[in-house]
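**Student:** Now for the letters of each chain:
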Amino acid sequence: MATERHVIEPITTSRQLRFLEEAQLDTLREATLDILENVGVRFDSEKALVIFAEHGANVDRSSQIVKLPRDLVLKAMANVPRRFTLGARDPDLDLPLKEGVTYFTNDGCGHNVVDFETGEQRASALADVAMMARINDYLPSMSFCWTMVSAQDCGATAPLYEMDAAWKNNTKHYQSVTMMGEKLCRYGVEMATALRGSLEEVKRRPPMSLICCTIAPLVQDKDALEGAMVLAEAGIPVVIMSMPTMGTTAPATFAGALALADAEVISGTVLMQLATPGARVFHCILHAWADPRTGGYVGYPLDARTRFAPVEIAHHWGMPSLGGACGTESAEVASWQAAAEVATDPLLVSMASAEIVTGLGLRATYTLLYPEAIILDSDLYNQARYSHLDMEISPETLAVDVSAKVGAGGHFLGEKHTRKYMRDALVRSNCQELDAAGQYRDPVEVAREKVRWILENHHPEPPAPEVQKELDRILAAADKELKG
Amino acid sequence: MSEKLFEALIQAVIDGEEEEAEALVRQALEQGVDPLACINEGLMKGIEEVGDLFSNGTYFLPELIQGAGAMKAALEILEPELVGKEQREVVGTVVLGTVAGDQHEIGKTLVGTMLTANGFKVIDIGVDQKADDFVAAIEESGANIVGASALLTTTLLELKRLIDSIAEAGLAEKVKVMIGGAPVTQDFAKEIGADGYADDAIAAVAVARKMVGAAA
Ligand code: B1M
Numbered sequence: 001m002a003t004e005r006h007v008i009e010p011i012t013t014s015r016q017l018r019f020l021e022e023a024q025l026d027t028l029r030e031a032t033l034d035i036l037e038n039v040g041v042r043f044d045s046e047k048a049l050v051i052f053a054e055h056g057a058n059v060d061r062s063s064q065i066v067k068l069p070r071d072l073v074l075k076a077m078a079n080v081p082r083r084f085t086l087g088a089r090d091p092d093l094d095l096p097l098k099e100g101v102t103y104f105t106n107d108g109c110g111h112n113v114v115d116f117e118t119g120e121q122r123a124s125a126l127a128d129v130a131m132m133a134r135i136n137d138y139l140p141s142m143s144f145c146w147t148m149v150s151a152q153d154c155g156a157t158a159p160l161y162e163m164d165a166a167w168k169n170n171t172k173h174y175q176s177v178t179m180m181g182e183k184l185c186r187y188g189v190e191m192a193t194a195l196r197g198s199l200e201e202v203k204r205r206p207p208m209s210l211i212c213c214t215i216a217p218l219v220q221d222k223d224a225l226e227g228a229m230v231l232a233e234a235g236i237p238v239v240i241m242s243m244p245t246m247g248t249t250a251p252a253t254f255a256g257a258l259a260l261a262d263a264e265v266i267s268g269t270v271l272m273q274l275a276t277p278g279a280r281v282f283h284c285i286l287h288a289w290a291d292p293r294t295g296g297y298v299g300y301p302l303d304a305r306t307r308f309a310p311v312e313i314a315h316h317w318g319m320p321s322l323g324g325a326c327g328t329e330s331a332e333v334a335s336w337q338a339a340a341e342v343a344t345d346p347l348l349v350s351m352a353s354a355e356i357v358t359g360l361g362l363r364a365t366y367t368l369l370y371p372e373a374i375i376l377d378s379d380l381y382n383q384a385r386y387s388h389l390d391m392e393i394s395p396e397t398l399a400v401d402v403s404a405k406v407g408a409g410g411h412f413l414g415e416k417h418t419r420k421y422m423r424d425a426l427v428r429s430n431c432q433e434l435d436a437a438g439q440y441r442d443p444v445e446v447a448r449e450k451v452r453w454i455l456e457n458h459h460p461e462p463p464a465p466e467v468q469k470e471l472d473r474i475l476a477a478a479d480k481e482l483k484g
Numbered sequence: 001m002s003e004k005l006f007e008a009l010i011q012a013v014i015d016g017e018e019e020e021a022e023a024l025v026r027q028a029l030e031q032g033v034d035p036l037a038c039i040n041e042g043l044m045k046g047i048e049e050v051g052d053l054f055s056n057g058t059y060f061l062p063e064l065i066q067g068a069g070a071m072k073a074a075l076e077i078l079e080p081e082l083v084g085k086e087q088r089e090v091v092g093t094v095v096l097g098t099v100a101g102d103q104h105e106i107g108k109t110l111v112g113t114m115l116t117a118n119g120f121k122v123i124d125i126g127v128d129q130k131a132d133d134f135v136a137a138i139e140e141s142g143a144n145i146v147g148a149s150a151l152l153t154t155t156l157l158e159l160k161r162l163i164d165s166i167a168e169a170g171l172a173e174k175v176k177v178m179i180g181g182a183p184v185t186q187d188f189a190k191e192i193g194a195d196g197y198a199d200d201a202i203a204a205v206a207v208a209r210k211m212v213g214a215a216a
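Respectively, the protein sequence lines represent chains A and B. Numbered as in the working numbering, the first sequence ends at 484 without a single skipped number. Numbered as in the working numbering, the second sequence ends at 216 without a single skipped number.
In short, the hints are calculated from the structure, not lab data. Be aware that a few hints might be false.
To give an idea of the chain B side of the interface with chain A (calculated C-beta under 7 Å), a few residues [to be verified]:
id	residue
1	F60
2	L61
3	P80
4	V83
5	Q103
6	I106
7	T153
All values derive from a computational prediction rather than experimental measurement. By construction, the Cβ of each residue, glycine as well, lies at the ideal position given by its N, Cα and C atoms.
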């Protein structure tokens, strides 16, 4: 099958940005421990309550509030692995978590689509999941693949069909944003095992991982957690994600929102460690603001100081971090707002050293897909990536001899050295493509052409027929059991 | 004497002082003041003022929510005293919740607050509520509107289930169904036979008023 391009280009940098001082991180952690020990978190899961009780947590069965003694938290947290590998379908695209490397993916779980052909807005479907997985596979800016929109035409087993569509169209690591509940997740493990050939291989190179959301303030969702526990037991990494909204579901102060959200993430992580010591868990806080008049969800106010402080909070706990970038509020594919709000995200989040980052390609606060948006966002990504690349300083690149030759006045166009380097010295973005007359083209038009080209030319290798047969069998069994 | 008390009650609601409002109505009851007068001359005037301050941009959501909270707390003390007497006038009674499997709270809560601030009695049954729970709450309260919120495409179908359950319980003639939430659209509402749809909390008030035949 034709695969024109098959590399990933994560952002690699040795430069680091610190938003918080060590002492501030300690203070935040103390607040988290205080909340966990004295306020508690509600776990709407009998299974979780039993595990906590067995390990000496203070469990109130009637309110389902679990209070976690400090020592219990610290002991459990000592088991969280700092680094591991996210396996891809293609082993060359495995993602070993490393210092100074940040892997990005697309945004997830939108529900509206501006149809690429008709331009009409409509509900998302499985075909959109497949299409975007294919585009993701082609783009080097994408190191792994998120469920970009929901397969609304697939009913209760949609999360399994979404993963199947991703595997058919994408050879990178897959992270599900929708798989919830014990039953569904057992099928998820079965599918991962079919893909890898054995559970041992799933553990060694997990081809999938999961986003598991807490419910701010201080509640854990039964389905999300019980599903996550099933996956963690099979060695599949999970991201515990809190999305506190300042003013509505969290205090209206930065520190308050972060401490509350951290308590949610840590309580979930402790549970994972008690259930499966050494479970691979990412820490994630995506905080947002509530509009004080409408309650509307605002991700990008002007004052978003310490936007990537959550990455440092994660590292302070010794956990890898998922950072969030590019979730613009703009509903337009290429408005000034869509680019300006998020323009510094890829740069800042990679300098904060997040291990993995979500967020390219949706509009209207993670709800609306324009297939071409991911191409435009990749420009912002690449701007950050190039900013971090090293500048080579050597006699050859210093070219003092060439400057001496040209001397004062004149030009360099006649030099062999120029001939050798000039072509690659200027890298244009999608926004800077020129037409035949040398004029800048409309970036959206350029993006549309790229999308069309990818869809016509890029056909990643699907799973082997016998593997696909097994996946189909599992999907049918899941439909039978869960669609009822 | 009562005048002063009513003024203090109005102010307690405007200031969102829940404990103060409770203390004042307790005091009023001890002094034999008519509970309905406390509601109409105190609490309702206070919440109207809060609503005006919100509409003209002086107040933000916390002031609105806390004003409604003070009113609600005081009402809880006054309403049992109305048994057998003339009841307070409400624009309509709304059972409100987020559907089963869905934990998204904020949109639903805002709709509830705006309805409360506009004279509706709101029974907020919370998030992750099954169709049967809505039906039970409608039966218990005699509500004439049910408001259901869904934020997930996977829980949209619960809205349809709710409408079916309301019909099965023989309540379809008695209660109007309003739905909302990010993935819900006017077309979807029509398709599943909901009586109304609103895309934000302010629109929800207009839809609810229309449903009970109140002036816009
Ligand atoms: C009765 O009449 C009416 C009338 C009008 C009504 C109405 C009822 N109800 C609402 N309205 C209307 O009026 C309100 C006021 O103006 C408005 O209400 P809204 O609720 O729209 O607006 C609020 C004021 C502010 N908006 C919000 O609070 C929602 C914002 C987003 C970002 C969101 C949040 C914050 C959360 N989430 Co959720 N979440 C998203 C949302 C994306 C988005 N942009 O909407 C969405 C809805 N979530 C999603 C997902 C996937 C999930 N979430 C989940 C969890 C959460 C949090 C708990 C983290 C948090 C909610 C916290 C809480 N306590 O409420 C999970 C599900 C949990 C569950 N079982 O419900 C989880 C499955 C994630 C996971 N893997 O665990 C996506 C849905 C995708 C889909 N296909 O359906 C999503 C679009 C984000 C995304 N792209 O991933 C109107 O819609």
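**Student:** So, for every hint listed, does it hold in this structure?
**Tutor:** Do the hints match the structure? See the list:
no., hint, result
1, F60, "holds, 4 Å"
2, L61, "holds, 6 Å"
3, P80, "violated, 26 Å"
4, V83, "violated, 31 Å"
5, Q103, "holds, 5 Å"
6, I106, "holds, 5 Å"
7, T153, "holds, 5 Å"
The structure fails to meet hints 3 and 4 from the earlier list, while all remaining hints are met.
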